[in-house]
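Residue numbers (my numbering), protein chains in the order written: chain L, 15 to 301; chain Y, 3 to 159.
Read the hints as simulated data drawn from the structure, not as lab findings.
One thing to keep in mind: the hints can contain errors.
Said to hold, decoys possible - Subject to a maximum C-alpha distance of 27 angstroms in a straight line, what follows is the list of computed DSS-like cross-link-like pairs (lysine-lysine):
{"id": "1", "chain 1": "Y", "residue 1": "K10", "chain 2": "L", "residue 2": "K22"}
{"id": "2", "chain 1": "L", "residue 1": "K67", "chain 2": "L", "residue 2": "K28"}
{"id": "3", "chain 1": "Y", "residue 1": "K119", "chain 2": "L", "residue 2": "K74"}
{"id": "4", "chain 1": "L", "residue 1": "K67", "chain 2": "Y", "residue 2": "K119"}
{"id": "5", "chain 1": "L", "residue 1": "K67", "chain 2": "Y", "residue 2": "K10"}
{"id": "6", "chain 1": "L", "residue 1": "K245", "chain 2": "L", "residue 2": "K28"}
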Amino acid sequence: MEYLAPDKTADAVKILAKAKGNAHVLAGGSDLLVRMKTGFIEPDLIVDIKRIKPMQEIKKTASGFSIGAAVSCATLGDHKPLRKAWPGLVEAANLIGSDQIQGRCTIAGNLCNASPAADSIPALIAANAVAVVKGPKGTRRVPVEKIVTAPGKTSLKRGEIVESIHLPKRTAKMADAYLRFTPRTEMDIAVVSIAVNLTLGAKGVITDARVALGAVAKTAILVPAATKLLKGNKLDEATLDALAAACRAACKPIDDKRGTVQFRTQVAGTLAKRAALKAYTRAGGKV
Amino acid sequence: MSVMVRSKINGDDIEFVCQPDETLLDALRDRAGLTGVKEGCGTGDCGACSIMLDGALVCSCLVLGAEAEGRSIETVEGMANGDQLHPLQQQFLQHAALQCGICTPGFLIAAKALLDKNPDPSEEQVRYALAGNLCRCTGYDKIVRAVLAAAKQMRKA
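Using the sequences and the hints, build the whole thing.
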């Protein structure tokens, strides 16, 4: 196996595009090294992106935040302006594994690892995040919900890398929240998870909303019906019940040792209400 | 093809040669002779191989040795000041917070990472911060008490 650590994205793209055999991108490594250790993959080449400076940066721009693909989740948690603007996303990122894992793992890696139960993916989808993808043919800006296509599979083509994740601009009347159900409080994988991102207008009326579910389908999913029913409403009981019903209707989970179809579907609705209330209160809404 | 790696380990400039697919855990143990890092699971679940890498708490089993080039590493071997044990080490002994000892270096590093950030943690915060470290002997209670006692001792110092 060969290990390369280029210091420019363009070089990483070139190396990956012409690589023969199994080439893998190494961001945090908290999934990649486990798969190597357990024999699932045998890379011929590893391209470490942590020496690429733009990939190590969190930038606040006029259009929002840009988070480099190699920024660890611990770094996200320590970044006050990001935590203030995107509390739900940071919450999700800081639920991945232990403090040790968070010292390494990245949201771009979490996205590209493409687990249906990934914590940060629903939060990224609800946030309307865009992955900035660099490849041999230039740059593509891809909505995060278009990256994961199936468990462990992405729409990235040969030689393409996510360079950064872009989050839109925020105002004080916008907030997000992320909740998951796990049997343990720490070091566990979501049985059901949900992210809710709300924008409030005058008098606490919701003017925009995005809701995404995790671990209840083959990929994390956006729930367009939730956007439709939340828009123009306050978070009263009838709206919360309708939201829960819409989220349950969107679930297509599997039965496994961590949760049955029925349990996952039921919990999705319950978590939807709780996460919506959390996001609503954070955005300044009163219930 | 071997990789030549130069790192600062516990303040000393160290050079070692490792294989490109070798973990930093193996390189620290087998190349640098630092056997304080232990392999429990090898998959980032148990925390026995915890180290500080450029100021971040990480599992060295999830880092490649080659990644350590130019980085600064702290292991349990660097915790004591000569013969003077670190307050966490003193309190682990005082509270009998270990039995077989395999998990202890990882717990000490993770606890130090917590106290460096938060000198006055609650019991709950200690338990959350140490959730990535597994111990099969103590039942955790003595470890948590030792960390709280060390925090108190360090605040007084």
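Outcome of the hint check:
This hinted pair checks out: K10(Y) and K22(L) have alpha carbons roughly 25 angstroms apart, not beyond 27 angstroms. Distance hint between K67(L) and K28(L) is fulfilled; the C-alpha atoms sit about 17 angstroms from each other, no more than 27 angstroms. With a C-alpha separation of about 25 angstroms, the suggested pair K119(Y) and K74(L) falls inside the 27 angstroms cut-off, and the hint holds. For the proposed pair K67(L) and K119(Y), the alpha carbon gap of about 26 angstroms is at most 27 angstroms, so the pair holds.
Only pairs whose Cα atoms come within 27 angstroms are accepted, and K67(L) paired with K10(Y) is accepted, the gap being roughly 21 angstroms. Straight-line distance between C-alpha atoms of K245(L) and K28(L) comes to about 45 angstroms, which puts the hinted pair past the 27 angstroms bound.
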